[in-house]
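Asker: Each chain, letter by letter, is given below.
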Amino acid sequence: MSEVTAEPIAADTRRTGRAALFAEFWAYFSENRGAVIGLAFFVLVCLVAIFAPLIAPHDPDNQFRDALLKPPVWQMGGEWRFLLGTDDIGRDVLSRIIFGSRYSLFVGVVVVSLALVSGILLGLIAGFVGGWIDTLIMRVMDIILAFPSLLLALALVAILGPSLTNAMIAIALVQQPHYVRLTRAAVLGEKNRDYVTAARVAGVRPLRLMFVTILPNCLAPLIVQAALSFSNAILDAAALGFLGMGAQPPTPEWGTMLAEAREFILRAWWVVTMPGLAILFTVLAINLMGDGLRDALDPKLKRS
Amino acid sequence: MFRFILVKIGLLIPTFIGVALAAFTFIRLLPGDPVLLLAGEHGVTPERHAELMHQYGFDQPFWLQFLHFLWGLLHGDLGVSIVSRRPVVSEFLTLFPATLELSICAIIFAIVLGIPAGMFAATRRGSWIDQSLMGSALVGFSMPIFWWGLLLIILFSGVLHWTPVSGRISLMYFFPRVTGFMLIDSLLSGQKGAFQSAVSHLILPTIVLGTIPLAVIARQTRSAMLEVLGEDYVRTARAKGLSPLRVVGIHALRNALIPVITTIGLQVGVLMGGAILTETIFSWPGVGKWMVDSIFRRDYPAVQGGLLLIALLVMLVNLAVDLLYGLVNPKIRHTR
Chain G
1 MSEVTAEPIA ADTRRTGRAA LFAEFWAYFS ENRGAVIGLA FFVLVCLVAI FAPLIAPHDP
61 DNQFRDALLK PPVWQMGGEW RFLLGTDDIG RDVLSRIIFG SRYSLFVGVV VVSLALVSGI
121 LLGLIAGFVG GWIDTLIMRV MDIILAFPSL LLALALVAIL GPSLTNAMIA IALVQQPHYV
181 RLTRAAVLGE KNRDYVTAAR VAGVRPLRLM FVTILPNCLA PLIVQAALSF SNAILDAAAL
241 GFLGMGAQPP TPEWGTMLAE AREFILRAWW VVTMPGLAIL FTVLAINLMG DGLRDALDPK
301 LKRS
Chain A
305 MFRFILVKIG LLIPTFIGVA LAAFTFIRLL PGDPVLLLAG EHGVTPERHA ELMHQYGFDQ
365 PFWLQFLHFL WGLLHGDLGV SIVSRRPVVS EFLTLFPATL ELSICAIIFA IVLGIPAGMF
425 AATRRGSWID QSLMGSALVG FSMPIFWWGL LLIILFSGVL HWTPVSGRIS LMYFFPRVTG
485 FMLIDSLLSG QKGAFQSAVS HLILPTIVLG TIPLAVIARQ TRSAMLEVLG EDYVRTARAK
545 GLSPLRVVGI HALRNALIPV ITTIGLQVGV LMGGAILTET IFSWPGVGKW MVDSIFRRDY
605 PAVQGGLLLI ALLVMLVNLA VDLLYGLVNP KIRHTR
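Sequence order for the protein chains is G and A.
Under the numbering used here, think of the first position of the first sequence as 1, with each following residue one higher.
Under the numbering used here, think of the first position of the second sequence as 305, with each following residue one higher.
Since the hints were derived computationally from the structure, they do not count as laboratory data.
No experiment lies behind these values; they were computed from the predicted model shown.
Wrong hints could be hidden among the right ones.
[Claimed, not checked] Label-pair distances were calculated between CB atoms; the ranges are:
#	chain 1	residue 1	chain 2	residue 2	range
1	A	V416	G	G77	38 to 44 Å
2	G	S113	A	A624	33 to 39 Å
3	A	I507	G	F211	50 to 56 Å
[Stated by the list, open to error] Beyond 10 Å from chain A on every Cβ pair, some chain G residues (computed):
#	residue
4	R81
5	A158
6	A185
[Claimed, not checked] Looking from chain G toward chain A, a few residues come up when the C-beta cut is under 10 Å (computed):
#	residue
7	V109
8	S231
9	F242
10	R262
Heads up, the beta-carbon is just placed ideally off N, CA and C, and yes, glycines get one too.
Chain A with its partners taken away, still in its complex shape:
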């Protein structure tokens, strides 16, 4: 097992350096002089230009700049945002809890609905319930989520006036940031109605972001369940006279969950992509919206740093899924 972990981490390092190189090259492929970009509309004198080029190290060879960048990276330094003049890392860390909170809620929403739906469909294979559940799952899987978000806004905010249109909490409430998670902070503040406000702001974005993972999890659970239900041990359990609920819910589910867990882990990349759209629609102040805004403002250090941090996050979660998979399935960790 230890060897397995080491190999997996060893494979990750060159990929990560490659990712860093990609993000680093990216900013240099963009048209325009970085110093002129930093200077903005005011412009700079030639002397000042040379001085700044030297100060930021742009006059050094490419590989040396890249080594400097890696060195900074190891120290948690990803440069300074052109727009806010704040370090990219601290900018990212300020906004990340909002994205994390939304993603966690979305994945919980997807799991809580998706696994029972998949199990239910599998046990009633071929029935109209199965067909309608899997039909809905395919619709969810095909959903353009930016449009789905707009539809939900029309219905729940426009027609029914149940939920607010955008943001994380009503402007009426103000309390200190403790964890960065609005649900927890609003509870800690003890203000009446603050928690409800945070919840009502969270509902629609959660549904929108969770829709595709929900569909994927439901489909995966169903097919994994069907596979397992045909196994001998399930027949044995049935023959012993165990209740169907016990057979399906305990004997079969436990084994069916292994591929489902992998699927859930792989949804992290989907969630980060979906967060870009969801956060833009709902003006959710998270990392996804920040990335889109940075791209539009041509804030290249922010784009570069954000890309890198998000890629790192996805890679680490995939690593965790791999290790978890190796832990529950010895066949995997002994191949090669």
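Same shape as in the complex, but just chain G:
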């Protein structure tokens, strides 16, 4: 009976509470200028990725045989056709970077989703069930964390075969322990709070207790971690591409572009500089956002 009367009230406060929470969050978040700039840049990158075919001046794979290694437009010998110059087989660098944004964002989204979902599941189970299951899960996570993440990802890709899909799976696997640890720690902290006991006494079933009662209260550190691992995923995927173990040429993935451009570093600086700048700015924007998220979501941490 208590459940029947309690339900609508709880749902109501949650709805108004959510809008208020968001307003409070945005007030703190927008206080941080860097975070807002990061967010704006990130939105811009997303738009570029979505509308890549409309924005890009050329097809990313089109080879202009009459314009090999053309410098950017502002340098002597540059052409307006190719704003950021061309690479060694005459492909437009700007168009490749624009299309490359699709791969990087895709990698970030897929890796974070995979790692977040599996990490939350395992963390909830470990924290909620406890006992030997907890020990087993946490030991396995310790094992994954004992390997340097890039090395483990590299080795995993070697087993699975080099491709962007396998790189994403490998990176998600090496990032997942962080989510498991965070979720488990948060669950252990919340599990014995009064509201959880109350829900349990009221007869809430374990699954609902896990996902509906406890999980929403553990989300703050997970969101911050998601921003951090989004940028790490982009960096790691680019590093794997650079080592020849990620996306394969001629894919215009930023790391793969760098690997192809390596032999021209002393002759054509732009083919090396531009994709790297794209990686740096995107990752920087996400990290700026991440710092803002951390400050806004975690009042315990010192605001900077």
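Take the given structure of chain G and dock chain A to it, following the hints.
Answerer: Leaving out everything else, chain A in the frame of chain G:
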């Protein structure tokens, strides 16, 4: 304290066995027959194949093979590299000093710049100095270091011709290997210019590998410092009329350093990951480049052994950090 150490080591053993099992399973997940891989292009007759399968123990059950592997591990035997035909352990130990030398230089670079930068930013919180220092730290933290290395090569080797592009020392110099550390060996050799050559080869890789730890240490030092500067004892020290330098440099820093030391310890994993990229860019003959090359050559015993040894190293350093932390902070060692 003794109990604390025992518990920590006790927790490490199952993890290590798990790591060994992971590295061991890894090689068996790879497609292809290990004996055919060993035989290379020449191929083997069926009889010879069976003989080799028996010789390497591949015909035994999985768990027995794993026990053999563990047994070998306890005796420092991790198998033989397919490519060089040398034991994996001795291969690793030959290359490891190069990686260690580079890592030590990188972490010193990161500490020497990062801690003062963090302290400085904390004491001038909110000023333009603080903002620009922390902005640079965030850029460093976001840096794709393989690209950063290429940029530095373009600038310092390509345009300015100040530093060499790759390797550990100029080919002009040849001297016996004593310690494996090029800086020390070149000094010991007494050859003119050898030490300078070793230093100039080391500068760019050190900067590249040290960039991310530098950013992390600077950020961590700043936030730890801010926390400490708000404490009562710091106010007391100020009220007593101690000079700001003494308050910040001695009273506050000492306590702020505790979390920073943990951060520095945790950078070892970052360094080993970074070494893979840095060594590849600069053709630095260390463990990271060896691992990448082994993966590309499908030299599975080398990959398996290298993974295991690197993981062991990271675990031991983390253990050392844990123990150090327990030593300086009694609260930690008495929980649980």
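Asker: So, for every hint listed, does it hold in this structure?
Answerer: Going down the list of hints, with the structure as the test:
{"no.": "1", "hint": "V416(A) / G77(G): 38 to 44 Å", "verdict": "holds (43 Å)"}
{"no.": "2", "hint": "S113(G) / A624(A): 33 to 39 Å", "verdict": "holds (36 Å)"}
{"no.": "3", "hint": "I507(A) / F211(G): 50 to 56 Å", "verdict": "holds (53 Å)"}
{"no.": "4", "hint": "R81", "verdict": "holds (25 Å)"}
{"no.": "5", "hint": "A158", "verdict": "violated (5 Å)"}
{"no.": "6", "hint": "A185", "verdict": "holds (14 Å)"}
{"no.": "7", "hint": "V109", "verdict": "violated (18 Å)"}
{"no.": "8", "hint": "S231", "verdict": "holds (7 Å)"}
{"no.": "9", "hint": "F242", "verdict": "holds (5 Å)"}
{"no.": "10", "hint": "R262", "verdict": "holds (7 Å)"}
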